[in-house]
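J.: Once you have looked at the hints, place chains B and C on chain A.
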Amino acid sequence: MWTFFHKLGSPPHFYRLSLLFSPWFAIPGYLLIAWGTYQGLFVAPEDYQQRDAFRIIYVHVPAAYLAQMTYAIMAVSAGIGLIWRMKLAHAVAAAAAPIGASFCILMLVTGSIWGRPMWGTWWEWGDPRLMSALILLFLYFGLIAMRSSITDTAKADKACAILALVGAVNLPIIRFSVDWWTSLHQSATIIRKGGPAMDAEMLWPLLANLLGFSLVFGAVLLRRIRTEVLYRERRKRWVRDLVLGDGAP
Amino acid sequence: MSGPALPGLIDGFGSIIRRDLLLLWRRPGDLLNPLVFFIMVSTLFPLAVGPDAQVLRNIGAGVTWVAALLSMLLSLNTLFLTDFEDGSLDQLLLSPQPLPLLALGKTVAHWISTGLPLVVVSPLIVMTYRLPSEVVPVMMGSVALGTASLSLVGAIGAALTVGLHRGTTLLSLLLLPLAMPLLIFGARTVSLAAGGEPYAGGMNLLAAYLVGALALAPFATAAALRISNE
Amino acid sequence: MTHILKAEQLSLFRGERCLFDSIGFALASGELLLLRGPNGSGKTSLLRGLCGLLEFEDGKILWDDVDISRDRQSFRARFAWYGHKTGFKLDLTAEENLAFESTLRAPSGLAIRDAIDRLGLNRQRKLPVRSLSAGQQRRASLARLLLSGVKVWVIDEPFTNLDADGRALVEELVAEHVAGGGMAIVATHHDMLAGGNVKTLEIGR
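Sequence lines, in order, name chains A, B and C.
Heads up, the first sequence is in the working numbering, so the first residue is 1 and it goes up one at a time.
Heads up, the second sequence is in the working numbering, so the first residue is 1 and it goes up one at a time.
Heads up, the third sequence is in the working numbering, so the first residue is 1 and it goes up one at a time.
For reference, chain A alone in the conformation it holds in the complex (with noise of 0.2 Å):
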């Protein structure tokens, strides 16, 4: 177990290991999603109380799941990093940031074309998940600016690791800052979306897209960390012979 885990920690190894693994994330991931939305937004009944702007959550709800996944893995590889000095954790956090953005502006985006026929607003300050999305967003930017603004790789890994972690103890402090802000709001009255109460027809494409997301999510990220490694590696010799060779590690 523990040879494995240090033989991933090679970056040639990796990059093997991943060229190897990414269409088993890519290719199902894409065909999920393919199936889920077309039966999310065609198949699927109407909401009784949301009509057809509750259909908005199949693209939704995986973006808000990765929005906050993206920010855990990060978190963890910073913690690696730091902690077993493993180079490539590093890459994978410096990865993972710009994509964990992404998520969370979509969530957001979809958030906002939700709530105007929900609330009658494109943006509700009560909404506490919102909200919460919304400091998550200015933590990634935080990030992504911090690693853009230190020119030494090493340097910037392990200060933005550094910068992860603090945000990740205080994710749920946030959280709940946000619930009990909104808690005291009267006015914001927040209709539940989803919920356990929901149909088989609505939640299995629902449970597809997650999945798929999550799939896609993974290529993407595989994808990321290797223009990451080979970046970070330009000076080895393995990253020349695979450029200037055949194309084999």
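The set of hints was computed from the structure by calculation and includes no laboratory data.
Hints should not be assumed to be uniformly reliable.
[Claimed, not checked] Partner residues aside, some chain A positions facing chain C, computed with beta carbon under 10 Å:
1) GLY9
2) ASP152
3) LYS158
4) ARG237
5) ARG240
By construction, the Cβ of each residue, glycine as well, lies at the ideal position given by its N, Cα and C atoms.
T.: This is chains B and C only, laid out in the frame that chain A set:
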């Protein structure tokens, strides 16, 4: 391999606080800047939204906290910057004392020089924004707890951005999202108190945040300092 | 007691550039290591890395054959660093600065006043460091080395801004320290301690 006998841990902690306060004493102008900034920001709001007493009463708590947050943020930039520039940060990092304790010492000195003055002037907002005068103790207590947490969390950001170009902008970008819970807890506590509602919950949250920050932030600050000073 | 400081296979990159690759040395108590190399060859980085102010990309440092990464904290306590920056607060006097630092370290047995006397700054004792000349500031930070009472002095370009007297003083202090069983690592283009226990390390060629 056991090193030579060290002076007590509290000695190093205490003496770095003393040194920073002595420096402040030599340049008392540094004490005034965040204070004047705080007062000026709180003057902006009535000018911007109009002198209506009811409106001012509603926004008083929020204004205090936005002004306090911004003024702490401005002063945090220099927390480690002068030490970095004159090389004394090198000496601190090389000292055999545990760095988290030294970082905590610097943070305490920072709070005494910026947070404490804000606590002292915060009743001004209560008076000028027509909040009921019973709010004064809540206002001062919440500002004290909140600014102390801000100093602690801010020190991490200051340590991460020390020596970077455009460090101030980056520092704000990093810290503002982290500081939002404090803004929420603090402002809400004061406005609950102003409305005559129970506010103990808010105070407890502020205190809990401070305890957590005290326990964790110095370690993160110390780690960040080692990285930034490379 | 004799100690041995060993460095093996140290390498450091800064962004694109490889500053140095696989360099090493061994230094025992009573020896001086002169570090030489052209500008930009990474002398300062090497010294800072030895003190523990930055991390090497590769390689290890051993103190009495124990890898220092096992106990960095007590390893750091054996080093005194004298770099380009004085490390002093400009608004405090040299005496106040040194008094502050001495509370952080184990006592060396030397009084601050005596150290300041030794460096010929007795008359400037009560002045803030800001009002001292560049050379006087350099002298004042030499007092730190004396007061630190540690085994290894790591010194970067000690002769900058110093007059003839000051340069002689640096040599004298280093010679005394080494003769007393200490080690010193000095980056300089000058020759020092001709005829003594001097090793030379060339980098960046």
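J.: Now, for every hint given, state plainly whether the structure supports it.
T.: Results of checking the hints against the structure:
Given the 10 Å rule on beta carbons, the hint for GLY9/A is violated: about 16 Å separates it from the nearest Cβ of chain C. Because the closest C-beta pair between ASP152/A and chain C is about 6 Å apart, less than 10 Å, the hint holds. At a threshold of 10 Å, the smallest CB-CB gap from LYS158/A to chain C is about 9 Å, leaving the interface hint in force. Given the 10 Å rule on beta carbons, the hint for ARG237/A is violated: about 14 Å separates it from the nearest Cβ of chain C.
Interface hint at ARG240/A: violated, since its Cβ lies 15 Å from the closest Cβ of chain C, which is beyond the 10 Å cut-off.
Taken one by one, the earlier hints fail for this structure at numbers 1, 4, 5, listed in ascending order.
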